[in-house]
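Let chain Z serve as the given structure and place chains H and U on it in line with the hints.
Residue numbers (this note's numbering), protein chains in the order written: chain Z, 1 to 84; chain H, 1001 to 1400; chain U, 2001 to 2357.
Note that these hints are calculated values from the structure, not bench results. Note that the Cβ used here is the ideal one computed from N, Cα and C, for glycine as well. Just to be clear, a hint being listed does not mean it is correct.
For lysine to any residue, the following SDA-like pairs were computed, each having C-alpha atoms within a straight-line distance of at most 25 Å [to be verified]:
hint: 1; chain 1: Z; residue 1: K81; chain 2: H; residue 2: V1048
hint: 2; chain 1: U; residue 1: K2063; chain 2: H; residue 2: A1262
hint: 3; chain 1: Z; residue 1: K59; chain 2: H; residue 2: V1048
hint: 4; chain 1: U; residue 1: K2251; chain 2: U; residue 2: G2207
hint: 5; chain 1: U; residue 1: K2251; chain 2: H; residue 2: F1148
hint: 6; chain 1: H; residue 1: K1271; chain 2: H; residue 2: D1181
hint: 7; chain 1: U; residue 1: K2063; chain 2: Z; residue 2: E23
hint: 8; chain 1: U; residue 1: K2243; chain 2: U; residue 2: G2257
hint: 9; chain 1: H; residue 1: K1396; chain 2: H; residue 2: A1262
hint: 10; chain 1: Z; residue 1: K59; chain 2: H; residue 2: P1039
hint: 11; chain 1: Z; residue 1: K59; chain 2: Z; residue 2: E24
hint: 12; chain 1: Z; residue 1: K52; chain 2: U; residue 2: D2123
hint: 13; chain 1: Z; residue 1: K52; chain 2: H; residue 2: S1151
hint: 14; chain 1: Z; residue 1: K59; chain 2: Z; residue 2: E18
hint: 15; chain 1: Z; residue 1: K4; chain 2: Z; residue 2: E79
hint: 16; chain 1: H; residue 1: K1271; chain 2: U; residue 2: Q2172
hint: 17; chain 1: Z; residue 1: K81; chain 2: U; residue 2: K2063
hint: 18; chain 1: Z; residue 1: K59; chain 2: U; residue 2: D2121
hint: 19; chain 1: U; residue 1: K2063; chain 2: Z; residue 2: E24
hint: 20; chain 1: Z; residue 1: K52; chain 2: Z; residue 2: P22
hint: 21; chain 1: Z; residue 1: K81; chain 2: Z; residue 2: P22
hint: 22; chain 1: U; residue 1: K2243; chain 2: U; residue 2: Y2201
hint: 23; chain 1: Z; residue 1: K81; chain 2: Z; residue 2: E63
hint: 24; chain 1: U; residue 1: K2063; chain 2: Z; residue 2: E79
hint: 25; chain 1: U; residue 1: K2243; chain 2: U; residue 2: A2005
hint: 26; chain 1: Z; residue 1: K52; chain 2: H; residue 2: D1120
hint: 27; chain 1: U; residue 1: K2243; chain 2: H; residue 2: D1181
hint: 28; chain 1: Z; residue 1: K59; chain 2: U; residue 2: D2116
hint: 29; chain 1: Z; residue 1: K81; chain 2: H; residue 2: P1038
hint: 30; chain 1: U; residue 1: K2063; chain 2: Z; residue 2: D39
hint: 31; chain 1: U; residue 1: K2243; chain 2: H; residue 2: D1120
Pair by pair, the computed Cβ-Cβ distance ranges are [stated by the list, open to error]:
hint: 32; chain 1: H; residue 1: E1398; chain 2: U; residue 2: K2243; range: 56 to 64 Å
hint: 33; chain 1: H; residue 1: D1067; chain 2: U; residue 2: A2027; range: 31 to 39 Å
hint: 34; chain 1: U; residue 1: R2059; chain 2: Z; residue 2: A80; range: 43 to 51 Å
What the simulated footprint calls covered on chain Z by chain H, stretch by stretch (three residues with Cβ under 8 Å from a Cβ of chain H suffice, anywhere in the stretch; the number is not a length) [what the hints assert, rightly or not]:
hint: 35; segment: 30-42
hint: 36; segment: 47-61
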Amino acid sequence: MSIKESLKQILVEELNLEDMTPEEIEDDAPLFGEGLGLDSLDAVELVVLVQKHFGVEIKDMDEGRPALQSINTLAAFIEAKRVA
Amino acid sequence: MSRQRPVAVTGAGCLCAAGPDLDACLATLFAGRRSPQPPQRFSTGHPVRYPVFEVPEEFFPDSVPADPELLRTARLAIAASAEALADAGWQPALLRELRVGVIVGTTVGSAMNNEDFYRDYRSGGRPGMAPIRRFLRGNPAAAVARYFDLSGPVQTVVNACSSGTDAVGIAAQWLRDGLCDLVLAGGADELCRTTCNGFTSLMITDSEPVRPFDRNRRGLNLGEGAGILVLESDELIGQRPGRSRASVVGYGGACDAHHLTAPHPDGAGLKRALREALAACGGSAADIAFVNAHGTGTPDNDRVESRTLAEVLPGVPFLSTKGFTGHTLGAAGGIEAALTLACLELGRIPASIGFAEADPELPATPVREMTTTPGRLALSQSLAFGGNNAVIVFEKGERS
Amino acid sequence: MTRLAIQGMGVLGGFGCGVVELQARLAGRAADPTELVVPVAGEELLLAAHQADTTSLERFLTKRQTRRIDHFSRMALLGAYLALEDAGALEAPRDRMGVVIATGYGPTRTTFSFLDSVLGDGDAFASPTHFSNSVHNAAAAHVAIQLQAAGPSLTVSQFEMSVASALLTARQWLAAGRVDSILFGAVDEVCAVLGYCWESYFPGSGGPIEPFALDRQTAVPGEGAAFFLLTREKEARYGHISKVDQGRVRKGSFSGGTWLLNADGHRACSASYPDLLTGSAAVAACTPHFGSLPVGQAFDLAVAALAVRDGRLPVISGPDDLPGDWRPAGGQALEEPVTCLKCDGDGRFGLIEVERS
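Okay, chain Z solo, but in the shape it has when bound (with noise of 0.2 Å):
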């Protein structure tokens, strides 16, 4: 499975999103606000979840804001720090 795919799954079991499939989820929808309507709450969840699936850490919301903005962002992020 591509991160992309494996976040997407992440995505709606972890954050129990049961409305949807995540096939559902375009890769470049905005995650907060607009889009999938996620919040600051479960910006701190993903930040949990990435480290545990991925080994990627998101040090700070500095780091986390532009990273979480969509499925493309977030993948393109773990890919760089695992190569680092």
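Chains H and U in isolation, oriented as in the chain Z frame:
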């Protein structure tokens, strides 16, 4: 929104990292001293060692020794209660003849957080019931009532970070309604690994000493302690007049109804609580000598508070004492009530420690140096998880 | 003393969901408890418990709205919505509504779920969502957020005295005019750890609950929520709460009258009832219908409200020997007021008096 009759406060006790009693705490505040450090009693597995404001063992009074059967939060509550009663001139034995209520706010003090017990259980062990027994005997308000042998109503308020302020406001109402002759009211909470891990997971803790309202603030430091006030009925005051240090003249509370952890961005609940408290005492900004803000040091809280204070109480000096005590959760409202009434007596507030550089986003900034605050009223406010907002207004008493 | 008018009630527990179901149950035998799975030392014990089902919350909230809300807060939300629905107040404005919640143990399942995240994966993997929901006022927060109740909010955690204690303050808010209505509720849940403790404290004991077998341990754990919409109005759909008190047990404090005892099979608490209530009194106990839980008194309050509305208390099964001079209160014309009484094992009592007018 209606007027509330003043209720006398005759004693105060305060035990936290800033000092073993209220006078010592004040000395620390006015000396501009603080030393948050990583916790001694436990450790967490984070690479970063977040500083906390821990109460050292030597700060506890000899009269309230450590007891394996007594949970730390209950011990803190009892110690602060003992100081408050002595300050009010009450021999505990005489209280048995009165209807004495106890209201204590807490967070950790009501949670079954015992990790050793649960670790053992979940890994297939059969842990003994001692921690459960302690928990069942550790309800803070019940523990205080039991220790001093008190017979009136008992209430442990679990309104998260506004619990202590709510406790004081509710106590005043109990007395106005004639439910009790005297009430011990405030808050108590202990540091524990579980809450440290919880707040860290929310990414609202600072790895540096906390900087309330500062441009570079990054979050809170946790703390522990207890602050308890003695409030008395008009009849008791009439029997022994001249003892009040302050009066509770206003109390307001409202819920943001917005989010589980984040405050309402426009301070909706806080504004409502402020309006109620000010209407209760007929006070306006001009009458308020100073505000003890919630000031946790998180980006969100301080922004909301600064904007709200600028709008509702423009020009009123304010500070956050959490730079000296850390965020003591359920105890905060009680500790800050004690510090507020003491500063009101003194007619001055210390510099708001941790504040160095103003944040352009924040229209109001706390005091940078010790500031004289003549004026008959002072206000303490608390904002909590779950969107609770609580405000208490004190008037100078007869003693000073 | 300000009387509180009960305008609506929402209840859920082992008996089912809603006031109508509760009343139907009270007319007959108590529902059997279900089984709570309690893992202990690698095995699975089955403990009888009166458990609540929150499926009907879907009538009021979408899955998306409740995705992060745990069982504890779901029970509270369902109780709250049912109470408002029962009062015909689902569309009424709520900016002058206060929320007061009593809980004995708080959200225990989530408290341990949070510890699971820490102990299972390490401190760095602590779940912020579980932590936020483990704070005891999470239920009040969720109720306020979903209902947009912007008045004051209070959560009280006082074990068996939680309901009486919280109601003392709730009453004052209405009396003082701080709010125009209060959504007053009580919630407690069962969980595996509670089950483990139960087995340790009361080995070999079991139900069914025999409320008046005061010298035996017959308690069965229960969970649920009981919510009430309270106002200052003279007219009440059910009746009025006319007195609330909390204090220390002193022998012979009360006698005579009609009493609904929250005697729930806990021997340590049961002994206080005959100490407190001497002489002749008409007594009933409905605890077999919802089980033993710190906020059990709130269910009694619902029963009392139904009783004063209808002029009758339900018959309790088999009170062949009531202690002392007590006589059974059920099944005959009701002598008001009905007083709900709960004693803890620490020498304290909580009292709530209910009358029609």
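Any of the earlier hints contradicted here, and which numbers?
-> 4, 6, 9, 11, 13, 14, 17, 22, 24, 29, 31, 32 and 33
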